[in-house]
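Working from the sequences, and respecting the hints, build out all of it.
Given next are the chains, with one letter for each unit.
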Amino acid sequence: MAEGGEEWCTIESDPGVFSEVLEEVGCKHVELEELWSLDEETLMTLHSTGAVYGLIFLFKWESKKNKPPASPSAKPREPLSEDVIPPNLFFAHQTMTNACATQAILSVVMNAGLTPEQLGPTLAEFHSFTMTFPPSLKGDAIASSDEIRKAHNSFKKQDAFLQEGRFHIPTGDEEAFHFVSYIPLDGTVYELDGLQKGPIPVGTFSAGEPTSWLAVAREAIQERMNASPEIKFNLMAVIQDQRLELKRKLGELENDNDKAAEHSEVVASLAAQDAKREQWKRENQQRRHNYVPLCMEIIKGLAKLGTLPELATEAKERYAEKIAKKKMKT
Amino acid sequence: MYSDLFDHLGSNAGNSSSSSSNSNEKQLVTFKAGKMDLTLQENGNYWAAPDTRRGEIRIVWKTNENTLYWEWYDRREKSVADADRHLLFSLGGTSQELGTLEKVTNGPKQQAGEQPDRLYVWSRPPAAGATNPGYEMYWMQDASEEKDDEFIAKINQYLADPASANPNSSSTTAASSSGAGGGSSSSTTRNADTATSSSSSNDRQQVDALSNILENLGMPQNNNEGSSSASNNNAASTSSAARSGAGTLTLADLQGAMAGLQQQQSGPPGPPLQELVTPAAITSLLENEAIKKRLLELLPEEQRSEEFLEENLRSPQVQQTLRSLTMALLPDDTGSMDGYHSVLANFNMAEGAQEALQNNSNNPIQAFLECVLKSVEKEGKDDTEEEGKKDEETKE
Numbered sequence: 001m002a003e004g005g006e007e008w009c010t011i012e013s014d015p016g017v018f019s020e021v022l023e024e025v026g027c028k029h030v031e032l033e034e035l036w037s038l039d040e041e042t043l044m045t046l047h048s049t050g051a052v053y054g055l056i057f058l059f060k061w062e063s064k065k066n067k068p069p070a071s072p073s074a075k076p077r078e079p080l081s082e083d084v085i086p087p088n089l090f091f092a093h094q095t096m097t098n099a100c101a102t103q104a105i106l107s108v109v110m111n112a113g114l115t116p117e118q119l120g121p122t123l124a125e126f127h128s129f130t131m132t133f134p135p136s137l138k139g140d141a142i143a144s145s146d147e148i149r150k151a152h153n154s155f156k157k158q159d160a161f162l163q164e165g166r167f168h169i170p171t172g173d174e175e176a177f178h179f180v181s182y183i184p185l186d187g188t189v190y191e192l193d194g195l196q197k198g199p200i201p202v203g204t205f206s207a208g209e210p211t212s213w214l215a216v217a218r219e220a221i222q223e224r225m226n227a228s229p230e231i232k233f234n235l236m237a238v239i240q241d242q243r244l245e246l247k248r249k250l251g252e253l254e255n256d257n258d259k260a261a262e263h264s265e266v267v268a269s270l271a272a273q274d275a276k277r278e279q280w281k282r283e284n285q286q287r288r289h290n291y292v293p294l295c296m297e298i299i300k301g302l303a304k305l306g307t308l309p310e311l312a313t314e315a316k317e318r319y320a321e322k323i324a325k326k327k328m329k330t
Numbered sequence: 001m002y003s004d005l006f007d008h009l010g011s012n013a014g015n016s017s018s019s020s021s022n023s024n025e026k027q028l029v030t031f032k033a034g035k036m037d038l039t040l041q042e043n044g045n046y047w048a049a050p051d052t053r054r055g056e057i058r059i060v061w062k063t064n065e066n067t068l069y070w071e072w073y074d075r076r077e078k079s080v081a082d083a084d085r086h087l088l089f090s091l092g093g094t095s096q097e098l099g100t101l102e103k104v105t106n107g108p109k110q111q112a113g114e115q116p117d118r119l120y121v122w123s124r125p126p127a128a129g130a131t132n133p134g135y136e137m138y139w140m141q142d143a144s145e146e147k148d149d150e151f152i153a154k155i156n157q158y159l160a161d162p163a164s165a166n167p168n169s170s171s172t173t174a175a176s177s178s179g180a181g182g183g184s185s186s187s188t189t190r191n192a193d194t195a196t197s198s199s200s201s202n203d204r205q206q207v208d209a210l211s212n213i214l215e216n217l218g219m220p221q222n223n224n225e226g227s228s229s230a231s232n233n234n235a236a237s238t239s240s241a242a243r244s245g246a247g248t249l250t251l252a253d254l255q256g257a258m259a260g261l262q263q264q265q266s267g268p269p270g271p272p273l274q275e276l277v278t279p280a281a282i283t284s285l286l287e288n289e290a291i292k293k294r295l296l297e298l299l300p301e302e303q304r305s306e307e308f309l310e311e312n313l314r315s316p317q318v319q320q321t322l323r324s325l326t327m328a329l330l331p332d333d334t335g336s337m338d339g340y341h342s343v344l345a346n347f348n349m350a351e352g353a354q355e356a357l358q359n360n361s362n363n364p365i366q367a368f369l370e371c372v373l374k375s376v377e378k379e380g381k382d383d384t385e386e387e388g389k390k391d392e393e394t395k396e
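Protein chains in written order, with full-length UniProt numbering: chain A, 1 to 330; chain B, 1 to 396.
Any given hint could be a false lead.
[Stated by the list, open to error] Think about it this way: if two alpha-carbon atoms lie no more than 25 Å apart in a straight line, the pair counts; the simulated DMTMM-like pairs of lysine to aspartate or glutamate are:
1. A:327 - B:275
2. A:316 - B:338
3. A:156 - B:302
4. A:249 - A:274
Hints in this document: simulated from the structure, not taken from any laboratory. Values in this document were obtained by computation on a predicted structure and should not be read as measured data.
This is the structure we're talking about:
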């Protein structure tokens, strides 16, 4: 077991971050993609990139004033009680606050029907080890897994002296998220929310049409959004690494001289995916970097240019205006 | 065993004879509380576990010694062990920092029925040569928590002003005034009433307390006899000045300080650094080769090329770091300027940090900017001097 009490750091909700957490824990088969819309076209495009394993709906709690949105009142749905949860469904209670993003993603990945090779050794072992656990114990198992925590905490901020408890004052604009996953399993779409006592079945779909579950999930998500329109949210899809499908297509087309146009299209898509990965990598390096020395040098640079006093005066005026405006509002 | 039972019944018969009848001592505060055992761990932290013995915290004035003690009384043994008796104040003796008793709000995670949740910590400067961690922890043992706050307020009043415990003192500010002593404002007002009167030991204590409060608030403590020049730069020297000449701190000083504090709280303590580093300011940095070169060295290791410089400078991470830096510079909840000093120390700009605070009416951000300007000026001088030296060397 893990040494108890190890902290989970907060991580940014971003497909590049989540995809890298999965990669760090050994699962290279899956990536995340942010969705800006839930219309038919978006879902079809998504499906054409390869398998879609699940959707993750993120609520952004702007402040403590906003309570998590209640389940849609139109159709009250009951979570399944422990004894009727399908044995092949992975559902874990949320036991760690900061781990909830990683937990939501794992809930999708564990239910995606991936082979041990696709899951990677760590998750494959975790999957078989925890399968018979009740939801609370599954949650504890995630919380106490060294490997998963290590992958998650690889995004820990490096500017130690700003984070060192006593000097770290919460800025108030730190955002809290809650994550709810939607997954298809054996003809039923489930809503997985670690704060509920069990998975919530939200509808059924015919197994013959693999994309029809997305329409069911969309309806459930739409209901949630309508129930609390003031809450900010994000939507992400947990999908197969898009490069895998592109590479497969490329292999097919390589022997077919009639499809040169299609071939170059796939080559371009693959290049775009590689560029996206490069960008993710760079952004993640930036997320892990300690920018305190750079910021200090920026301010010093402005002092050297002689513009610092002027900039400070202007900033102070702007700031005073902002405060005054805020006061007017309240 | 049976005395415990009596305690539960509220008879208190078990210990009534032992101390209250003792004419040599006067119990000012008593309440049921147990100790926490603190064990030093390998990682340097202390592990706290409840000592299950039933006890009582007592603030006791010994009339024969003219001395005030903090005692932990074992209700079963009906005695106070020497290790559990702490000297707070002795008439004619030197005064010392006594700290405060506070509720532990970020204590260990407690499981129902396993650990007490009404935990209090008495933090005080450790005595010379002591191996204790500088604090003692206690857990409340009275069934009702109703009176906890009242007890704590009373104790803190004696810790802030132990001289008021002397029953022979003429002080009218004895701890009997109910509920006071919790907030700093009530205790400062209390001190102000007597600060101008005379120089009895009582007043000296109170002036000290006032100095401490102002110091904690990060306020400059103006000595009204001193000129406005920077003779009283640091809080420690002012504090001792006040000590040596009790009464030099007047009500007017206090009012001035409080007014300054109010201004500090309502007025913007800015400007926030993220507001200062505008997109245009970043553009101006990118136009200067020498500055660009220094900035490049501070990018993430894999990105130290001009190609990525602008992306980095305009990244949300830089904005976020400027925000955190601003927060680190501002005083914390207790008014401590530790953050400000630590940031400057980290970047070798601690020289003149206190003076900069004074020059900028205690606005740590303005003071920080002043320090940056000074250090850049100095660097510039050093650079030209070095270049001059090099020139000379090449001439030779």
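- Message: Are any of the numbered hints broken by this structure? If so, which, sorted upward?
- Response: Nothing - there is no hint that the structure violates, so all of them hold.
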